[in-house]
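Trainee: The listed protein sequences derive, respectively, from chains A and P. Note that this note's numbering gives residue 155 to position 155 of the first sequence, counting from 1, and the numbers run on in steps of one. Here this note's numbering = 1-based position in the second sequence + 1000.
Keep in mind that a hint or two might mislead.
[Stated by the list, open to error] Which chain P residues stay away from chain A? Per the calculated CB distances, all over 10 Å, these:
1. K1004
2. H1007
3. E1019
4. T1082
5. R1085
6. G1100
7. D1106
8. A1111
9. S1114
[Said to hold, decoys possible] Simulated crosslink set (SDA-like; lysine to any residue; CA at most 20 Å straight-line):
10. K1088/P - G134/A
11. K1004/P - P12/A
12. K1051/P - L20/A
13. K1088/P - T9/A
14. K1088/P - D32/A
15. K1112/P - I1101/P
16. K1004/P - T23/A
17. K1088/P - T23/A
18. K1088/P - E137/A
19. K1097/P - P124/A
20. K1088/P - T1104/P
21. K1088/P - K1040/P
22. K1040/P - H1007/P
Just so you know, these hints were derived from the structure itself, not from any lab. C-beta atoms are modelled at their ideal positions from N, C-alpha and C, and glycine is treated no differently.
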Amino acid sequence: MATVEVTFTPLPAHVRTARLVATAVARRSGVDESLLDEVRLAVGEACSRAVEAHQRHCPAEPVRIEMTDHDQRFVVTVSDHAPTLRPAVAAPENGIHDGAGHDGAGEDGIGYEAIGHDGGSAIPAGFGLAVISGLAEDVRVLSTSSGVSVRMSWPSTAAS
Amino acid sequence: MDLKLGHYNKDGIEVVDVEGEIDVYTAPRLRELLIDLVNKNNYQLVVNMEKVEFLDSTGLGVLVGGLKRVRAHDGSLDLVCTQERILKIFRITGLTKVFGIHDTVDQAIAAKKSEK
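Please model the complete structure; the sequences and the hints are all you need to start from.
Mentor: Dropping the structure here:
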């Protein structure tokens, strides 16, 4: 099982680095070339979401990404430590699953604060997760009082 | 590459050339440019995305914000994009129904003129 972990200061400038690393690891893990753009976009969305959450609540804490090969799936988990205060707005139903059995999740298992402090963002909170759900077959969002983890996976063909 | 921005006027329409990656780090610059253009009374905009290599929801938000600003002045904001990997995020989010998306700048300009 291959594992790569990356932590980075929650600055927008580092989101691109995270995308590049995830794409490189995905390619090495055997994710099909046709899916790499999806990986890049989905990981970027998750990292952007985490960065904005940290900038609001805990700017000194790093964002964490874990990338693993597991059962012929390339799995990426982006975790933040921003406290969750209330349920998310308009999270899409398809493709987003609660981490079952975890206490402390928001209502309906999905919870994170509204993002977007762009003087009234034109894109509503939850949009990034909606994009992720359209890009990855398997998306799980685990929300606890101490942070949110977004877990995404794609098929890979790497030999174990 | 980060983001390169340029703009010029053609047939009374302001064309914005975007090159590089539009994400949470670079999108604010595009946002500021669109705001600046609207503040200078440019309400007919075409954003040329043919050299955009990456676009995420932050970038979409900037484009939607620009669209809202010009529409407040009865203007319009159209896009030029033929890259499937960029069009994909518009399709996923349903924004292909919101933006006019054209294959070339000339086609975008012609479409705007025919609307008048």
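Trainee: Quick check: which numbered hints come out false for this structure?
Mentor: 5, 13, 16 and 21
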